[in-house]
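Protein sequence lines, in the order shown, are assigned to chains A and B.
In terms of my numbering, the first sequence is residues 1 to 380.
In terms of my numbering, the second sequence is residues 1 to 297.
Keep in mind the hints are simulated off the structure, nothing from the lab.
Hints may contain errors.
[Claimed, not checked] From chain B, some residues computed to sit far from chain A (all C-beta separations above 10 angstroms):
(1) 40
(2) 52
(3) 103
(4) 157
(5) 183
(6) 201
(7) 292
[To be verified] In silico SDA-like pairs for lysine to any residue, Cα to Cα no more than 25 angstroms straight-line:
(8) A:207 with A:373
(9) A:238 with A:270
(10) A:111 with B:282
(11) A:111 with B:74
(12) A:111 with B:113
(13) A:111 with B:77
(14) A:207 with B:34
(15) B:76 with A:138
(16) A:138 with B:281
(17) A:207 with A:153
(18) A:111 with B:196
(19) A:111 with B:55
(20) A:373 with B:286
(21) A:138 with B:30
(22) A:373 with B:59
(23) A:111 with B:75
(24) B:76 with A:52
(25) B:134 with A:215
(26) A:111 with B:134
(27) A:138 with B:219
(28) B:76 with A:270
(29) B:76 with A:99
(30) A:207 with B:62
(31) B:76 with A:184
(32) A:111 with B:23
(33) A:373 with B:216
(34) B:76 with A:215
(35) B:76 with A:218
(36) A:207 with B:113
(37) B:267 with A:207
(38) A:175 with A:243
(39) A:207 with A:345
Where is the CB? At the ideal position from N, CA and C, for every residue including glycine.
The residues making up each chain are set out below.
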Amino acid sequence: MDLYEYQGKQYFARFGIPTSAGGVADTADEAVAAADDAGFPVVVKAQVKVGGRGKAGGIKLAADADETRRHAEAILGMDIKGHVVHRLWVEHASDIDKEYYASFTLDRPAKLHLGMLSAEGGVEIEEVAATNPEAIAKLHIDPVDGLDEATARQWVGAANLDEAAREQAAALLVKLYTCYVEGDCDLAEINPLILTTQGEVRALDAKVTLDENASFRHPEWAEFAATETEDPREQMAKERGLNYIGLSGSVGIIANGAGLAMSTLDVVNQVGGSAANFLDIGGGANADVMAAALEVINADPAVKSILVNIFGGITRVDEVAQGVVDALARVDITSPIVLRLDGTNADAGREILAPHLSDRLVAEPTMLDAARKAVVLAAR
Amino acid sequence: MSIFVDENTKVVVQGLTGSQGRFHGVRNRDYGTKVVAGTSPGKGGTDVEGIPVHDTVAEAVAATGATASFVVVPPKGACGAIMEAAQAGITFIVCITEGIPAQDEALLFNRLQRDHPATRLLGPNCPGIISPGKINIGITSGDIALPGGPVGIVSRSGTLTYQALHELSQQGVGQTTCVGIGGDPVPGTNFIDCLAAFQADPDTKAVMMIGEIGGSEEERAAAFIAEHLTKPVVAYVAGVTAPPGRKMGHAGAIISGSQGTAQAKIKALSEAGALVAQNPTEAGETMVEVVKTLAEA
Chain A
1 MDLYEYQGKQ YFARFGIPTS AGGVADTADE AVAAADDAGF PVVVKAQVKV GGRGKAGGIK
61 LAADADETRR HAEAILGMDI KGHVVHRLWV EHASDIDKEY YASFTLDRPA KLHLGMLSAE
121 GGVEIEEVAA TNPEAIAKLH IDPVDGLDEA TARQWVGAAN LDEAAREQAA ALLVKLYTCY
181 VEGDCDLAEI NPLILTTQGE VRALDAKVTL DENASFRHPE WAEFAATETE DPREQMAKER
241 GLNYIGLSGS VGIIANGAGL AMSTLDVVNQ VGGSAANFLD IGGGANADVM AAALEVINAD
301 PAVKSILVNI FGGITRVDEV AQGVVDALAR VDITSPIVLR LDGTNADAGR EILAPHLSDR
361 LVAEPTMLDA ARKAVVLAAR
Chain B
1 MSIFVDENTK VVVQGLTGSQ GRFHGVRNRD YGTKVVAGTS PGKGGTDVEG IPVHDTVAEA
61 VAATGATASF VVVPPKGACG AIMEAAQAGI TFIVCITEGI PAQDEALLFN RLQRDHPATR
121 LLGPNCPGII SPGKINIGIT SGDIALPGGP VGIVSRSGTL TYQALHELSQ QGVGQTTCVG
181 IGGDPVPGTN FIDCLAAFQA DPDTKAVMMI GEIGGSEEER AAAFIAEHLT KPVVAYVAGV
241 TAPPGRKMGH AGAIISGSQG TAQAKIKALS EAGALVAQNP TEAGETMVEV VKTLAEA
């Protein structure tokens with residue numbers, strides 16, 4: 001789950017990471033009030049989960065209340081790369097002396113945490129990595145050991161941060177690491193991390209991605225989840241606990257397991273069709289889950305046929321088959337369904353389905369046959 | 001031969017009394033796996049369909065001499081269960097649990113490596129390991145596997161592992177061992193571990209490798225194949241049509257920037273000499289041809 005900048009900054013604040021005074025605003029009036037609280041001059045920033053806000057005109061400096069109102073009115077409702085701005089973050093403008101970059105993420109191949117620190121912040125770090133890789137000081141951290149202040153001090157030296165910034169930056173990095181680990185982030189990034197002309201180090205931006213697998217120990221994340229704007233199809237799937245991604249084709253896909261679901265998308269594509277979605281009903285899916293999946297797919301008007309591709313492992317095919325039968329009794333499924341069922345309790349599953357098979361509910365023996373059939377039906 | 005485990009491996013099922021633990025533990029036993037014990041705190045002294053239950057892994061190991069464990073425990077308790085097994089002297093741990101936080105996995109992996117270097121973890125979030133006719137630890141349906149070799153399978157995706165087994169078995173091509181390494185960010189066992197084991201196993205004559213989008217494990221495996229594998233490799237990578245930047249089901253499957261695309265992985269594997277198929281069925285057919293050629297040689 002990606003956080004908005006303001007949420008990331010609020011998250012940082014819980015771990016003692018310094019940020020500028022500011023507030024959230026959904027209207028021009030609220031923006032002026034937030035600016036009054038933060039103290040002029042202020043920066044009015046569009047809250048969208050996409051890069052390039054500044055270039056798109058979504059970040060503006062305001063010297064007084066009138067200017068704040070003008071910018072707020074212009075930015076609210078603005079479309080930035082397909083993301084409409086509904087919320088602003090208004091914060092006290094900083095006098096920037098230097099811009100740095102800092103982040104923590106997991107280095108999967110190394111199986112260690114990776115800290116990246118650069119004296120060249122404010123630009124895309126990928127750009128720095130491509131043009132001037134020596135400018136990024138990388139630090140691998142064994143999660144068993146963690147990051148201590150002494151190591152952080154050496155690190156800020158290795159990254160060539162200005163002398164005036166080093167002590168504060170080292171302390172901030174330890175806090176950012178704590179935020180990354182205890183806050184269960186997949187990514188905790190500050191770009192830019194600034195040194196002000198007054199000699200203060202703080203986070204001017206916040207990019208935080210939370211690991212949703214850890215939500216069981218973070219009840220406070222509920223407020224973040226509530227602000228996620230999603231495709232209505234994805235919203236409906238989420239409410240039913242399904243792993244769904246909307247796509248633009250006409251064959252609705254239901255499969256168990258991410259790999260099989262992706263492979264099903266690929267195969268539909270190879271036989272000349274296109275998928276309307278990715279939907280992984282996960283391991284151990286039962287009749288209720290299957291019925292919910294069919295409901296979600298059925299609600300998408302672009303869907304012309306539905307391909308159910310199940311290879312049971314922990315998922316039991318008889319339960320999946322029962323779910324299909326239940327869903328058909330409960331919901332008026334508008335598209336024909338093509339089923340391919342194999343694996344755990346597959347024979348029992350096929351028996352459950354047998355009396356229900358028709359030209360609206362077709363069983364095919366293989367994944368490829370099922371994909372071909374679904375594509376033919378979608379084209380009708 | 002099989003890799004990592006064989007017909008003599010004694011297995012303890014952690015979480016045997018839960019519904020999933022019971023279903024799959026008993027099913028593994030019925031397949032012929034030596035499931036000698038289960039654990040469930042507070043339920044020691046009971047049994048699950050004749051499999052004795054102990055409170056702790058240490059007690060189960062003391063009573064049975066088990067060397068492998070099968071962890072069927074929810075995300076909150078899974079890492080603790082794995083550490084408990086390692087501390088009890090278990091050297092091969094299969095964890096099927098889906099949804100363990102990445103921070104916990106990273107910590108677990110490094111702690112295991114430091115304190116229990118002799119212990120191999122398979123998973124988390126994997127289907128397990130099956131050596132057809134000998135042993136099945138995990139959630140794979142045993143009837144889709146065919147004993148007798150000569151193919152070793154290694155796969156990152158659960159259900160595609162079954163699909164790969166199925167494609168080969170349907171064509172009469174057996175498997176030495178099929179390993180599902182799982183799609184989580186920090187897998188205990190990776191492609192290279194399995195490729196090396198298959199290369200060293202005299203009964204394995206060819207290897208099928210199933211990858212998917214995200215990360216760089218397939219690229220690293222490709223480099224290993226080019227350098228170390230003399231046996232033919234047939235590969236398939238899922239997710240050619242996956243949109244970038246979207247998490248496809250589990251943590252592994254995400255394309256970020258230009259990294260981790262199926263196309264890049266396919267290119268790396270092809271250049272390493274692997275025969276790369278377009279879909280699981282084609283992978284099965286390609287392997288049938290490879291096995292035929294090997295038999296004629």
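Problem - Hints violated by the structure (listed by number, smallest first) - result: 3, 4, 5, 8, 9, 10, 14, 15, 16, 19, 21, 22, 24, 25, 26, 28, 29, 30, 32, 33, 36, 37, 38 and 39
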